[in-house]
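Protein chains: 2
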Amino acid sequence: MKKIKAALIQHSHKGSREANLAHVAEQIALATKAGADLVVLQELFASAYFCQHEDPALFDLAESLDPQHADTLARKMSELARQFEVVLVASLFEKRAPGLYHNTAMVFERDGQVAGRYRKMHIPDDPGFYEKFYFTEGDLGFQPIPTSVGRLGVLVCWDQWFPEAARLMALAGADVLIYPTAIGWEPEEEPEEKKRQLDAWQTVQRGHAIANGLPLLSCNRHGFEPSPDGHTNGTQFWGNSFAVGPQGEWLGQAASDADQILVVSLDGQRSEQVRRIWPFLRDRRIDAYGDLLKRYRDD
Amino acid sequence: MKKIKAALIQHSHKGSREANLAHVAEQIALATKAGADLVVLQELFASAYFCQHEDPALFDLAESLDPQHADTLARKMSELARQFEVVLVASLFEKRAPGLYHNTAMVFERDGQVAGRYRKMHIPDDPGFYEKFYFTEGDLGFQPIPTSVGRLGVLVCWDQWFPEAARLMALAGADVLIYPTAIGWEPEEEPEEKKRQLDAWQTVQRGHAIANGLPLLSCNRHGFEPSPDGHTNGTQFWGNSFAVGPQGEWLGQAASDADQILVVSLDGQRSEQVRRIWPFLRDRRIDAYGDLLKRYRDD
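Chains as they are written, first to last, in the numbering used here: chain A, 1 to 299; chain B, 1 to 299.
Treat the hints with caution; some may be incorrect.
Any copy, or any two copies together, can satisfy a pair, since identical chains are not distinguished.
[Unchecked claim] Below, a list of computed lysine to aspartate or glutamate pairs in the EDC-like style, where the Cα atoms sit at most 20 Å apart:
| no. | residue 1 | residue 2 |
| --- | --- | --- |
| 1 | 294 | 283 |
| 2 | 132 | 283 |
| 3 | 76 | 229 |
| 4 | 194 | 272 |
| 5 | 132 | 287 |
| 6 | 2 | 139 |
Don't read these hints as lab results, they were simulated from the structure.
Please construct the entire structure, taking both the sequences and the accompanying hints into account.
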């Protein structure tokens, strides 16, 4: 990876697919005007975070990810990538077959071609985040996506808590780790707990950057989204999209409660330099890691 | 693990084995007076950080770790643990056989018995830290050591950069991650780089705490130690020993340049609570982690 400019587009849900699309198109235009070579959208940017409750009707939101299909988000994203000549990472709700859906990030080249896709591998499930109902676990593994700006280690949201995912991307030659995400607070949570959660979310990801000597981009939504059926207090998505370098050093951070385009410069040479002083890949004890493939070491 | 008090004893090299031993004995007395159930010493506390250059004569510093042997550090540590009725983690230079040495952390029960040992698995080697010359890679794997205060996930220094080590300890039922360490700056380094390095060191370890829902203790030395043969500028060990809880939240942090006993309270119940809201162990994709056992995924 050479020197590039990356833009993270953080926004609130604008009320409809059309409104979100219009907003994102406008923001991509601004980001590329600011020099962005790579644009990252937040997780499931085209809708509300619909996993706050379980409703079979919501599978209607899922689409084919073939950009040849008219009126699909994939088609629209392809067009935006081509129009603005930018590499675009877009998180979409994939309909793979009737009854088979994924939380999928697609990467489009600057000419609009599909560079690759990543199907979210780690699927969360906790009150207000019922993703195991909607998304089948990814089956494409952890494979960086080669693009004109570098090999993109695209992961999604819950993946960000798993060092294994980041490591596998690094071992496969990723130049940067990228996380579209949708994470927030239970609104009634204590302020101290909110602070711990936000800090933990950033810290664990910065840890992946450090452990792997890679820059990292994390693009989150912001804004309050009510619970559609009122069984929870809704979710206050906490924004704070951020970027760090290969020592975990801060490159930029967005606000907690505002639409924002966070533009940062990434220099692929930094990873080479940092890995020379901290050669972790040299010293991994692969002979002693076998039990990482176990659920638990109680046998 | 129940509620315990842990004490980290951070100090500078006092000039000799005897002086370090005397200092540590005094500090253990103070720590237990302050209520410590568990005391952690810094890496190779009994000597200077001798790996600043490669000198075969320095293997004389290594000892049998059998506490039955009179005048050994192991014997002395066993006596201190029994005298102060405290669980003690002590990092020692182990002579296993002629020509076979390890960087080993021993854990002593409050009755002075050996609870277990851990041989440093990841061995660094970079200018001023020539550990591959002195220490054979550990061959005991990543096994928590059961004690009266809980199952101690004892690792050593360079291990702290490897998420695999922390994960394997968590999967084997560790209640807490513990790192005796000796890390510092090249004195002529730029202030900004020094800041990045210290921050990265703490952040990556806090990331392990978060990813595994475990508290973590990291005990470092402080003070400048010159290069014995003048081929480097020596090392300014950066202190900043610290403790965090299972969300990576700060429990305490020592100064960068002072002898200090850092006493913190750990509550084993916190891990249970945190893992209920962040059930990462539930969602690991062990079916897709096979390549973690590869050096690099280029085949």
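To see whether the hints hold, each was checked on the structure:
1. 294 - 283: between (22 Å within a copy, 12 Å between copies)
2. 132 - 283: For residue 132 and residue 283, the Cα distance is within 20 Å only across copies (10 Å; inside one copy 36 Å).
3. 76 - 229: Answer is neither; intra-copy 31 Å and inter-copy 65 Å both fail.
4. 194 - 272: between (36 Å within a copy, 18 Å between copies)
5. 132 - 287: between (34 Å within a copy, 17 Å between copies)
6. 2 - 139: Neither: 30 Å inside a copy, 40 Å across copies.
When the structure is compared with the earlier hints, violations turn up for hints 3, 6 and for no others.
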